[in-house]
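Chains A and B supply the protein sequences, listed in that same order. Here the first sequence is numbered in the numbering used here, starting from 203 and rising by one per residue. Here the second sequence is numbered in the numbering used here, starting from 2 and rising by one per residue.
Calculated from the structure, these hints are not laboratory results. Some hints could be false.
[As the list claims (entries may be wrong)] In silico DSS-like pairs for lysine-lysine, Cα to Cα no more than 25 Å straight-line: (1) B:K675 <-> A:K289; (2) B:K598 <-> B:K560; (3) B:K685 <-> A:K286; (4) A:K218 <-> B:K623; (5) A:K208 <-> B:K454.
These numbers come from a predicted model, not from an experiment.
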Amino acid sequence: MTSYSKEVLGDLAAGKLPWPQTRRIMSAYKDDDRFFKMVAVYQDRVAWKDPILLPVSDHLFICQSGDERITRCECGHSFGDYRKNWKLNAAIHVRNTEEALREIYPNSDLPDPQWMEIREFICPQCGTLHEVEAAAPGYPIVHDFEPDLEGFYREWLGRPLQGS
Amino acid sequence: MLDKPASALRLRERLLDSERLMEETGCYDGITELTLRNQDPLKFETLHTKLRAYCVSAREMARRISASPGVREVGEMVVAIYTPEGDAIALSNGIMVHVHTMSRFIKWMIKNGYEDNPRIREGDIFANNDAFIGTVQVPDVMDVVPIFHEGTLVGWAGAVCHELEAGGITPGGDVCLAQERFTEGLFVCAEKIGENDEIRRDYVIRCERNLRMPIYWVLDEKAKVASCIDMRESVKQLISEIGLDYWMKVSKEFIEEGRRAQLARTRQLTVPGIYRGHTFYGHVTAGKPGFQLLGDPDWLYNIPIEMEITTDGKITMDCEGTQPWGYHSMNCTPAGMDGGMFVTLTQHMNFEGLVNDGAWMATELKLPHGTWTNPDNEMVATATSWALLLPAYGVFQRLLSRSFVARGFVEEAFVGQVNSPMIEMGGESQYGTPFGMAHFECAAAGSGALAIKDGLDTAYVGWNPESDMGNIEVWEQSMPMVYIGRSIVPNSGGAGKYRGGCSFVSTWLINKTSHLRLHTSEHSSRVFDNGGMCGGYPAPTCQKHRAVRNSDIHELAAKGEPLAHAPGIDPHVSDYERNIGGDHVVIEGPYITSPHKSGDIFSHSYNGGGGYGDVLERDPIKTAWDVENGFLTRQAADQVFGIVLKDDEDGYPIADIDATVERRAAMRKERLVKAVPVADWIAKERGRVEKADFAPEVKKMYASAIKLSSRFTREFSEFWNVDARSIFTPGAKP
Numbered sequence: 203m204t205s206y207s208k209e210v211l212g213d214l215a216a217g218k219l220p221w222p223q224t225r226r227i228m229s230a231y232k233d234d235d236r237f238f239k240m241v242a243v244y245q246d247r248v249a250w251k252d253p254i255l256l257p258v259s260d261h262l263f264i265c266q267s268g269d270e271r272i273t274r275c276e277c278g279h280s281f282g283d284y285r286k287n288w289k290l291n292a293a294i295h296v297r298n299t300e301e302a303l304r305e306i307y308p309n310s311d312l313p314d315p316q317w318m319e320i321r322e323f324i325c326p327q328c329g330t331l332h333e334v335e336a337a338a339p340g341y342p343i344v345h346d347f348e349p350d351l352e353g354f355y356r357e358w359l360g361r362p363l364q365g366s
Numbered sequence: 002m003l004d005k006p007a008s009a010l011r012l013r014e015r016l017l018d019s020e021r022l023m024e025e026t027g028c029y030d031g032i033t034e035l036t037l038r039n040q041d042p043l044k045f046e047t048l049h050t051k052l053r054a055y056c057v058s059a060r061e062m063a064r065r066i067s068a069s070p071g072v073r074e075v076g077e078m079v080v081a082i083y084t085p086e087g088d089a090i091a092l093s094n095g096i097m098v099h100v101h102t103m104s105r106f107i108k109w110m111i112k113n114g115y116e117d118n119p120r121i122r123e124g125d126i127f128a129n130n131d132a133f134i135g136t137v138q139v140p141d142v143m144d145v146v147p148i149f150h151e152g153t154l155v156g157w158a159g160a161v162c163h164e165l166e167a168g169g170i171t172p173g174g175d176v177c178l179a180q181e182r183f184t185e186g187l188f189v190c191a192e193k194i195g196e197n198d199e200i201r202r203d204y205v206i207r208c209e210r211n212l213r214m215p216i217y218w219v220l221d222e223k224a225k226v227a228s229c230i231d232m233r234e235s236v237k238q239l240i241s242e243i244g245l246d247y248w249m250k251v252s253k254e255f256i257e258e259g260r261r262a263q264l265a266r267t268r269q270l271t272v273p274g275i276y277r278g279h280t281f282y283g284h285v286t287a288g289k290p291g292f293q294l295l296g297d298p299d300w301l302y303n304i305p306i307e308m309e310i311t312t313d314g315k316i317t318m319d320c321e322g323t324q325p326w327g328y329h330s331m332n333c334t335p336a337g338m339d340g341g342m343f344v345t346l347t348q349h350m351n352f353e354g355l356v357n358d359g360a361w362m363a364t365e366l367k368l369p370h371g372t373w374t375n376p377d378n379e380m381v382a383t384a385t386s387w388a389l390l391l392p393a394y395g396v397f398q399r400l401l402s403r404s405f406v407a408r409g410f411v412e413e414a415f416v417g418q419v420n421s422p423m424i425e426m427g428g429e430s431q432y433g434t435p436f437g438m439a440h441f442e443c444a445a446a447g448s449g450a451l452a453i454k455d456g457l458d459t460a461y462v463g464w465n466p467e468s469d470m471g472n473i474e475v476w477e478q479s480m481p482m483v484y485i486g487r488s489i490v491p492n493s494g495g496a497g498k499y500r501g502g503c504s505f506v507s508t509w510l511i512n513k514t515s516h517l518r519l520h521t522s523e524h525s526s527r528v529f530d531n532g533g534m535c536g537g538y539p540a541p542t543c544q545k546h547r548a549v550r551n552s553d554i555h556e557l558a559a560k561g562e563p564l565a566h567a568p569g570i571d572p573h574v575s576d577y578e579r580n581i582g583g584d585h586v587v588i589e590g591p592y593i594t595s596p597h598k599s600g601d602i603f604s605h606s607y608n609g610g611g612g613y614g615d616v617l618e619r620d621p622i623k624t625a626w627d628v629e630n631g632f633l634t635r636q637a638a639d640q641v642f643g644i645v646l647k648d649d650e651d652g653y654p655i656a657d658i659d660a661t662v663e664r665r666a667a668m669r670k671e672r673l674v675k676a677v678p679v680a681d682w683i684a685k686e687r688g689r690v691e692k693a694d695f696a697p698e699v700k701k702m703y704a705s706a707i708k709l710s711s712r713f714t715r716e717f718s719e720f721w722n723v724d725a726r727s728i729f730t731p732g733a734k735p
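Same shape as in the complex, but just chain B:
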């Protein structure tokens, strides 16, 4: 039987009641007065700090239980404490995107009658990795346990780890070949996986028999359950000190306080109005083995974002005009989009006060039905939804940043996060055993620039503010590859007065295996997906993969010949081709190919962030330092930034200020010579639009957006003074 909730209402009724109260009063759970906060603000703040400490401590403890380098080394984990209705009260650091997706999971169970069957009892453990219930993608597996106090359900403790292997059609977590749900891997759909604080043996057996590397998943489960139990016991102890009535009230006041604080911060940091931006994503799979011909193999998505800030402080993000879901792995669910909003707000606006679900409640997401942001088909794959989610929120960050610039808070303006490709692998390990793993050094790309300084080099990703690429030695323990290079990619940040943060490239020698499958996902090689701001340029597109099969590296090493440790700076001929013999391979987009073996070489570049401001204003002295340290090439300093460098007596680059001033004046003049009035350009370009004189993928993109969005159609038609529908969707019904 269901144990008694705190109120006379059952959980489902209580949840619906809470939503009704929010609708009627505009305040979370109908809390119009922060009575406890007003009575004793110090006690109020202290209690929330304690809850946060419970979360941080539980996560750190749990990371020591995990076997996964993703969790142990890179910190791919987050934990949180929730109200009985599933709203986050307090959370740890880590992959905060999942704090709100877990909230959706709890609410889903409540709304789907879990009180009656399978019932919610003390000691139960529930798990989920179904993004239509509440997560982002299959490898993000979440566990929650109910918190009971003297028989009353008083909250939930939850934890998420990103699994490095999910058992999909391709090894690893971000299953790049998944084109439908049925190839994404092992699904756990809001399932009771344990009772009496113990994970069920049959569940563990299912994991062991359906995953390539079950030790990661299973020990992560134990880590998560341990952290949940730790938080649960701490909360129970706290309730015994402050009383149940106080707990039930204060936990909700924390959330209402978080909601009000978000509105206040918006009024403090931004300017009301409508902000717009867009980004694009290009997918290239034609001719690659393994892809089923369920849709176009190559496609282009537009991702327009409109953000409105109203004078009451509410932020609305609207994705109207974007593309439909497709038979690929990059679709996203509303839960994932919610999570993106949550993690963006926690980084950009909630840097003080109570961080919880209240901030999310002060915002609204408009996700058009049928698009990749809100598919109308729950069979779609979401295995690599970050590929579209991250660029979308990169735009959102730039829109928020423009509002910070307008308000004068230039130090908070940030060109935004980047999307960066991932490597997944599997096959035979260096120990001769089957294995599978996602390589998570991707959790340290280059950030976008700030409005007052360069972006962070190899130290940022949007999904985890505690970015970390992990130690080489730890990764080498887990895969049959050894590093022969890990280095900064010159010019990988977008150019600007402040450049985007640079990324890095790794080069490996495949070692002690005869069968290593290497796959990569989340590439946008044909188009920029990381934009710039206020005159800054986008970061370069995803770079091509370069590999050498049957290399002669061992012979070269034996002779003491120089090797290549990075691709180099010639985009036409890599240093691998110059220095290493063998069968050289250059592949654009997802790396899907036959298995590698010992002696092969593989390289993978990550992405940098966009730039800020006019390139001709970049500090020449800083640029000389960048060139000396490999963040920029001499060619870029001269050709892009207009900075004339000369060498000092030791051969180090120094800026020639006078020559730079002269060169930049000439470049400015040249700009004006090359440029034309926008009105003239529009008049000329209209002819091309009228003829739909575009690549097939571009035409398809316009046709899809027009079919889905009357607003996109109207705005496109008005801008070019054409009938967009008759050009791109002739014969279609309006």
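This is chain A alone, in the form it adopts within the complex:
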């Protein structure tokens, strides 16, 4: 049974593992104990104590906060109930002019801002850029991920969530 230490997985997640070792992990049979070990890696990384239930992005986690399950930034900022779209509680910066697009694409041809804008979803507390949408003006904000959290814990991990 393949298995890796928490330290190795921590380095893997941080992009610090040497490439030959990373390559071996990619090619080997997958480690069945990965999920909870990786959760433990993330739990060590964050400064808050709420138990992480699911990573959903590079610095966003669903966690158990008292009786609630919320989406929380690594810095601790809460984006509210995990079933709601966290983006609706974020800060947004929209690039819909040539000048604003040119800041990110200084040496390339640009899209037409009449056809397309870039929306940056930012943590209002720490300023982390959590997600970028490239969308036509007027396009509704996408709810990226609605996990079946309870089904996942109950049927795939065999550890039903308390209160489920």
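Given chain A's structure and the hints, the job is docking chain B onto it.
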């Protein structure tokens, strides 16, 4: 007469029976127990490995027969072995997208009475390149031969090559000017093209008289038939060793095992739930010569994708809300969409175990009727369907990758494939002969970033995991152009903690011809079609074409003056304009123009992949290396990534870590100053939506999506708290 099948049923009945059994039991062909696998797992695995070896070996042999640099150099070929009903058992490497599209072709023949007419006999050769029967586009020509054992049909061997010339209205394979089926080129519609292992002479004559470069197509046919015969004979030999009954049973168990393995891998690698994403494609043809005014010349397509993973491990991909088919070359058929799913799964999830049609059977595609994914008109053109297919599956890859991130398998998360424009050409070759060709160096774009490292530079395309741009010298043998530059395009990967892979740009001097038609397809210049993930930015849009007619390059060379070998990094003035005299041309979107001649210069950029993660977390030391090696500009390092570089004593860039930390802290603060709460933005933007204050192409996109999809209408209306129908389709019946 029809030769006896293995069971008493005729092929058509057997196929329908197999589908019924799958419906009733949920298992392929009703196989609820993997009896042979359980009896002797080692024999089971060994046999599948042998089949795979037959496929890989046959493909490699066949590539030596081909004359096409697409097949010989870049590997645009795949072969596979099928059950009598047409389900893939084993396959080679190569353009795996076609393994399942060939399956559709075989099933189509069976369902359309080919047993009776034109009949299926030992030694027969069938070919097809009709995407409504089973392929992606006209240049993807597939050949299959039945495998008989002692008079019994026991399977099929099949092979596909991507042809570099298809005989369409414009030269090359991806016929950019095709707006209906009738201009796409030479169609072979599930046709018997040979008997007794020999390709019919009349078929070859048809190819020779309808193609600009028949040597590619015809020798590819011979290569494919040779590979099919090679696989067929290997399978027959295998059956003589293991017995017919064992073969008939084990070949189906392989597929059921593949289906179960896909479900198990989904449960192992992902998290159940609903995942959503979208991408866009913008087409610009207004004023370009040759386009018929059958539809809007400029248009914008939205491509929303919803992926559901259920707790039983099934993955469903739903394209509801996307746009209708149109009078352009980018429509796709369900066969093409199936193929996209197959090649995506083989790269992302089926990296171990038995790779075959079983994986595809563990998924479901929802392709709304009447959209570009499933046209309700079989006269539409699909000549460049990759233009929409690839961005769609790029979204799907990002959705899958989010599930890998959630499950902790960060090393498998991958921002996805890119769409990259192609060059087609024809006219008079450097040898003074007629010619036509697709330039396939496009098979090596930049990949999306991974969640743990940068994307691959000039080394990835979604349709062929064995990406290869081919050697310059080989391409130069085939076209009247010589390279004066092939170089990395700085900043062509999307920015992020891990940047997308960079693309490259080629610059050619047109040489020894007075008539070279150059056309390009699959551009999305007005909008991003390659997204980022988890804070990463999209890769830049398709770049404009830059050409110089009547250049003075020969005079400059004679004087030993510096030339330009790439467009450079100033988006407003290229190095060609700075260094080379002549008539400079800058063209957005498809390059459709009058023929070039010797002395002209032409350049073409490919696309990079999207980025992953917050740009302000990018490693400064790696960035200094990127700048030194031309993957990023100093300007981007400073302005986009917030990395302060200084020079070492030899003039090489090194990162100033302290200054970088300071600068990034300031940039983070600046972000928060510029940003507003999303609720405020929505409240303000709603006013614009209510007035439909958008460009005509954007308004048309919304109106089309609303007409086709009640779900899109409902979600749009609920999000903005408006009546989308009354805004975008006033007067239309609900």
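Consistency of the hints with the structure:
For the given pair, K675 of chain B sits about 17 Å from K289 of chain A by alpha-carbon distance, which is consistent with the 25 Å threshold. Between K598 of chain B and K560 of chain B, the direct Cα distance comes to roughly 22 Å. Compliance with the 25 Å bound is thereby established for this hinted pair. This hinted pair checks out: K685 of chain B and K286 of chain A have alpha carbons roughly 21 Å apart, not beyond 25 Å. The hinted pair formed by K218 of chain A and K623 of chain B meets the criterion: a straight-line CA distance of about 12 Å does not exceed 25 Å.
In summary, the hint linking K208 of chain A to K454 of chain B is supported, as the alpha carbons are separated by about 20 Å, within the 25 Å threshold.
Comparing the model with each numbered hint stated earlier shows that all of them hold.
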